[in-house]
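J.: Chain by chain, the residues run as shown.
There are 2 protein chains.
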Amino acid sequence: MSEFANVTVIKKANVYFDGKVTSRKIVFADGSFKTLGIMSPGEYKFDTRQAEVMEILQGTLHVLLPGETDWRTVQAGESFDVPADSNFRLVVESMVDYCCSYLD
Amino acid sequence: MSEFANVTVIKKANVYFDGKVTSRKIVFADGSFKTLGIMSPGEYKFDTRQAEVMEILQGTLHVLLPGETDWRTVQAGESFDVPADSNFRLVVESMVDYCCSYLD
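Taken in sequence, the protein lines are chains F and H.
If you're matching positions, the first sequence starts at 37 in our numbering and goes up one per residue.
If you're matching positions, the second sequence starts at 37 in our numbering and goes up one per residue.
Everything labelled a hint here was simulated from the structure, so no lab data went into it.
Please read these numbers as outputs of a predicted model, since none were measured by experiment.
Just so it is clear, CB atoms sit at the ideal spot from N, CA and C, and this is done for glycine as well.
Treat the hints with care, since some could be wrong.
Said to hold, decoys possible - DEER-style ranges, computed between Cβ atoms:
1) F/R108 - H/D106: 26 to 34 Å
2) F/D117 - H/D83: 35 to 43 Å
3) F/Y52 - H/G113: 34 to 42 Å
4) F/M37 - H/D83: 30 to 38 Å
5) F/A120 - H/P102: 48 to 56 Å
6) F/N50 - H/F116: 34 to 42 Å
To be verified - Facing chain F, according to a computed beta carbon distance under 7 Å, are these residues of chain H, among others:
7) E39
8) A49
9) T58
10) T71
11) I74
12) F82
13) D83
14) M131
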């Protein structure tokens, strides 16, 4: 799917790490939402409340998922899942464009 | 207006200047569109095809508009207009979140 139709977009960006990570919230008719975001090169740690599916649209990153000891490389077209109430670490080498879905 | 309802969002970001400027295209029911974007600190020059209205949502930048010799400072909550088929220069000191409207 290359676009999301019949959605509401929150105008102001979500801003993290001094603007090195930013995202826009997209709300669907059923009330669910996703975020479309950009990560600049850098190292980041994110906490999750809901379980998440991170889909990489452009760029490549390395992720250390909770409970794992090996970093995984995730490229454009691939995704990774993160459990609820956990955290994950990222190393972003070049700009990454992502879509994050939040699972109930 | 803090959100755009009943729109289509193009999933993949537009990427400029090696990811230092990125934006998402928002298409309205009448076929018109806007872009919601992020500019990292830096100096940029943009060309316009259509006339544009650049609304600053977060951050501050300095703009040199076509035909002008003095730079203008534009802050969050303010906007500037750029004629069609022209160009403008920007100096972005800290991350800027913007909404660009394109005029017929």
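J.: Run the structure past the numbered hints and jot down the numbers of the failing ones, going up.
T.: Of the numbered hints given earlier, those the structure breaks are 1, 3, 6, 10, 12 and 13, listed in rising order.
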